[in-house]
Amino acid sequence: MTTTRKIENTVLTAITLVAGAIWIFPIYWAFVTSIRTESRVVSESAGLWPDELNLSSYVDALFNTQLINWYINSIATAVITTAVVLVTGMMCAYAISQMRFPGRRLLYGVVLASFMVPTQALVVSQFILMNDMGFINSWAGIILPQLIVPVVIIVYKQFFDAVPKEMKEAVVLDGGGDYTLLFKVYLPLNWGITTALGIITFIMTWNQFFWPFLVVTTEDMMTIPVGITQVNDAFGVAYARIMSVALLAAAPVVIAYLIFQKKVTEAVMISSGVKG
Amino acid sequence: MSGVTLKNVRKAFGAVDVIKDVSLEVPKGEFGVFVGPSGCGKSTLLRMIAGLEDTSGGVIEIGGRDVTNEEPAKRGVAMVFQSYALYPHLSVFENMAFSLRLARASKSEAKRKVHEAAEILQLTDHLDKKPSALSGGQRQRVAIGRAIVREPEVFLFDEPLSNLDAELRVQMRLELTRLHKQIGATMIYVTHDQVEAMTLADDIFVLRGGVVQQAGTPLTLYDDPDNRFVAGFIGSPAMNFLQGRVTRRTEGGMAVAVEDGELEVRVEGAAPGEGTDLVVGVRPEHLGPVESGGFTAQVEMSEELGGNSYVHSTPPSGGGDIVFERRGVRERLTGQTVRLGAVPENVFAFTPDGVRVR
Chain A
1 MTTTRKIENT
11 VLTAITLVAG
21 AIWIFPIYWA
31 FVTSIRTESR
41 VVSESAGLWP
51 DELNLSSYVD
61 ALFNTQLINW
71 YINSIATAVI
81 TTAVVLVTGM
91 MCAYAISQMR
101 FPGRRLLYGV
111 VLASFMVPTQ
121 ALVVSQFILM
131 NDMGFINSWA
141 GIILPQLIVP
151 VVIIVYKQFF
161 DAVPKEMKEA
171 VVLDGGGDYT
181 LLFKVYLPLN
191 WGITTALGII
201 TFIMTWNQFF
211 WPFLVVTTED
221 MMTIPVGITQ
231 VNDAFGVAYA
241 RIMSVALLAA
251 APVVIAYLIF
261 QKKVTEAVMI
271 SSGVKG
Chain B
1 MSGVTLKNVR
11 KAFGAVDVIK
21 DVSLEVPKGE
31 FGVFVGPSGC
41 GKSTLLRMIA
51 GLEDTSGGVI
61 EIGGRDVTNE
71 EPAKRGVAMV
81 FQSYALYPHL
91 SVFENMAFSL
101 RLARASKSEA
111 KRKVHEAAEI
121 LQLTDHLDKK
131 PSALSGGQRQ
141 RVAIGRAIVR
151 EPEVFLFDEP
161 LSNLDAELRV
171 QMRLELTRLH
181 KQIGATMIYV
191 THDQVEAMTL
201 ADDIFVLRGG
211 VVQQAGTPLT
221 LYDDPDNRFV
231 AGFIGSPAMN
241 FLQGRVTRRT
251 EGGMAVAVED
261 GELEVRVEGA
271 APGEGTDLVV
281 GVRPEHLGPV
291 ESGGFTAQVE
301 MSEELGGNSY
311 VHSTPPSGGG
321 DIVFERRGVR
331 ERLTGQTVRL
341 GAVPENVFAF
351 TPDGVRVR
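Going line by line, the protein sequences match chains A and B.
For the record, in the first sequence the residue sitting at position 218 is 218 according to full-length UniProt numbering, with numbers rising by one throughout.
For the record, in the second sequence the residue sitting at position 324 is 324 according to full-length UniProt numbering, with numbers rising by one throughout.
Just so you know, the hints here were simulated from the structure itself, not pulled from any lab data.
Every value quoted in this text rests on a predicted model; they were computed, and no experiment measured them.
One or more of the hints may lead you astray.
Taking lysine to any residue pairs in the SDA-like style, the calculated list, with each CA pair at most 25 Å apart, reads [claimed, not checked]:
#1 A:K168 - B:K28
#2 B:K111 - A:T180
#3 A:K165 - B:E159
#4 B:K130 - B:K74
#5 B:K74 - A:G175
#6 A:K263 - B:Y87
#7 B:K129 - B:E153
#8 A:K165 - B:F229
#9 B:K28 - A:G175
#10 A:K263 - B:S91
#11 A:K262 - B:T44
#12 A:K184 - B:L127
In silico negatives: residues of chain A with every beta carbon more than 12 Å from chain B [what the hints assert, rightly or not]:
#13 W49
#14 L55
#15 I154
#16 P164
#17 M167
#18 L173
#19 T180
#20 L189
#21 N190
#22 W191
Note that CB positions come from ideal geometry on N, CA and C, so glycine has one too.
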């Protein structure tokens with residue numbers, strides 16, 4: 001390795017380290033804050049380093065708020081939404097990509113068009129609809145409007161379009177129908193993209209604030225992001241508690257990403273054609 | 001019992017007829033080859049037999065059964081694709097067992113059939129591998145294996161060797177011939193490569209523009225072509241064609257003036273009258289230097305293949321490349337003007353629109 005190369009590497013590593021530090025600092029700060037007592041958090045002598053190990057804010061968050069309920073609500077709505085979005089999206093994409101029926105192009109046009117309508121524009125009518133159906137303050141109310149994820153259909157369609165025609169014909173000759181094609185060939189062939197889309201949808205739903213905030217008014221039906229606002233209200237500005245709830249709220253998503261990290265990277269690589 | 005029979009089969013894409021009234025038969029157990037230039041409709045015809053394309057008219061029978069409107073899977077056919085179309089996420093075993101699984105065959109039966117096919121195709125050691133871990137030739141064998149386990153009445157091959165390199169192609173050609181002998185099923189094979197057609201086929205069907213130009217054994221087509229297209233398509237290097245005009249009748253034929261000389265042609269029936277315009281065709285191996293008669297041509301270059309050589313020459317009119325074969329001769333002719341001729345039996349005559357004059 002030449003000297004110039006060494007200097008280049010050192011500089012690059014330094015830049016990466018600085019960027020990493022900037023990125024990690026808010027999380028670090030949230031953690032440091034969460035293990036302090038409320039009085040220590042606002043005291044002038046509180047420094048950058050963790051100088052206390054006080055878990056009372058976590059205990060409070062877990063036992064004096066509805067955090068457990070919020071967890072259950074968040075997990076249930078995110079899991080159900082992800083599963084339904086993937087299954088319906090994949091089937092819709094299969095139909096648009098592989099089946100020939102009148103109105104196919106129009107249907108795809110509608111899917112694309114729905115991509116261009118901001119959620120906020122639909123909120124009032126969706127709220128009235130959910131109210132009429134009696135779904136306010138229920139999982140169904142949180143989930144139903146979130147099931148429209150056109151990007152899943154678009155991505156699946158692109159991948160199904162790319163499967164060679166001969167593969168389909170081979171299945172047809174082997175005696176398979178559309179279900180065999182979709183679930184035994186197209187889906188396993190695009191497993192990476194299913195995982196990636198699943199993770200993306202899950203995180204998106206988990207982080208969803210605006211809609212659950214509107215459709216849920218009772219504390220026990222709230223999802224975690226909505227629940228965090230309640231911590232603020234109930235205890236005044238309780239920094240340590242807010243931070244502990246925020247960290248607990250982020251934990252499942254972080255864990256999920258860490259577990260599936262390799263899959264996500266793989267999916268990105270497959271989709272960009274690096275690995276066949 | 002019949003293998004595959006096509007009666008007045010037609011296929012139209014919109015207003016364009018790509019298959020025009022094709023009738024043919026591949027007898028049971030025979031190896032039939034559809035050959036023709038690209039766009040001649042040979043693949044479409046094969047896909048119609050498979051049921052992957054609808055038939056616009058006519059009847060397709062397999063084993064005496066009308067399958068024109070039958071589902072592809074119920075026709076008793078298996079197809080091997082040019083791109084292999086293996087399922088990349090499944091192992092070789094799973095690929096071969098896929099159709100059996102769909103047909104709800106028992107595990108032991110699937111295993112037995114796959115192992116039998118793997119044995120024939122020398123794939124036993126590769127059953128656990130994914131297709132991506134195999135070479136091109138092995139992948140093609142898996143594709144064939146997938147067809148074998150279904151025990152079809154008819155095997156359909158759509159240019160299966162096109163993706164392989166030249167050496168492997170020759171090897172796979174021999175394996176296919178061996179496989180055909182071993183299994184004895186009816187096979188239909190599509191190729192644009194007339195060498196493949198000649199070496200594999202019991203019967204060749206030469207197609208052009210959606211019409212069967214001629215059908216017959218490889219040597220029939222070679223020795224006795226019905227028209228100029230078949231004569232030019234079958235045989236490598238291709239037959240030489242020269243414009244000519246009948247000068248006189250001879251015993252058993254006629255003499256045709258070509259270039260600066262003439263060639264005699266053997267004709268069974270009545271020879272056309274003097275002054276008739278014709279096209280004369282001679283295969284490179286039948287054309288060669290002669291002492292007298294024939295016509296002259298200037299040698300440009302020769303392709304030396306060791307045992308034989310193909311000499312390329314230009315006739316006085318400058319029109320076209322005249323190729324003739326020489327065997328066991330080392331002496332070069334480059335730059336020389338030679339007199340070329342052939343015996344009347346080996347000279348074919350065609351009308352200007354390409355029909356053979358017999």
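Whether A:M167 stays farther than 12 Å from all C-beta atoms of chain B, as the label says: Answer for A:M167: violated, closest chain B Cβ roughly 5 Å.
query: For A:L55, is the shortest beta carbon distance to chain B beyond 12 Å?
result: Holds, since 47 Å exceeds 12 Å.
task: Please work out if B:K74 and A:G175 have their alpha carbons no farther apart than 25 Å.
output: Distance ~8 Å between B:K74 and A:G175 Cα, so the pair holds.
- request: Please settle this one: A:W191 was flagged as non-interface, so is its CB more than 12 Å from every CB on chain B?
  value: 7 Å, violated
query: Given the proposed pairing of B:K129 with B:E153, does the C-alpha separation stay at or below 25 Å?
result: Violated, at roughly 29 Å.
task: Beyond 12 Å from every chain B Cβ: check whether that's true for A:W49.
output: The claim stands: A:W49 keeps its Cβ more than 12 Å from every Cβ of chain B (closest is about 51 Å).
- prompt: Regarding the pair A:K168 and B:K28, is the alpha-carbon distance no greater than 25 Å?
  reply: 28 Å, violated
message: Hinted pair, alpha-carbon criterion (25 Å max): A:K263, B:Y87. Please report holds or violated.
response: 21 Å, holds
field: Least C-beta distance between A:T180 and chain B, which was stated to exceed 12 Å
entry: At about 6 Å from chain B, A:T180 fails to clear the 12 Å cut-off, so the statement is violated.
message: Tell me if the straight-line CA distance from A:K165 to B:F229 falls inside 25 Å.
response: 33 Å, violated
query: Holds or violated: B:K28 with A:G175, Cα cutoff 25 Å?
result: 23 Å, holds
Given pair status - B:T44, A:K262, alpha carbons within 25 Å: This hinted pair is violated, its Cα atoms lying about 44 Å apart.
In this structure, the hints that do not hold are numbers 1, 4, 7, 8, 11, 16, 17, 18, 19, 20, 21, 22, in rising order.
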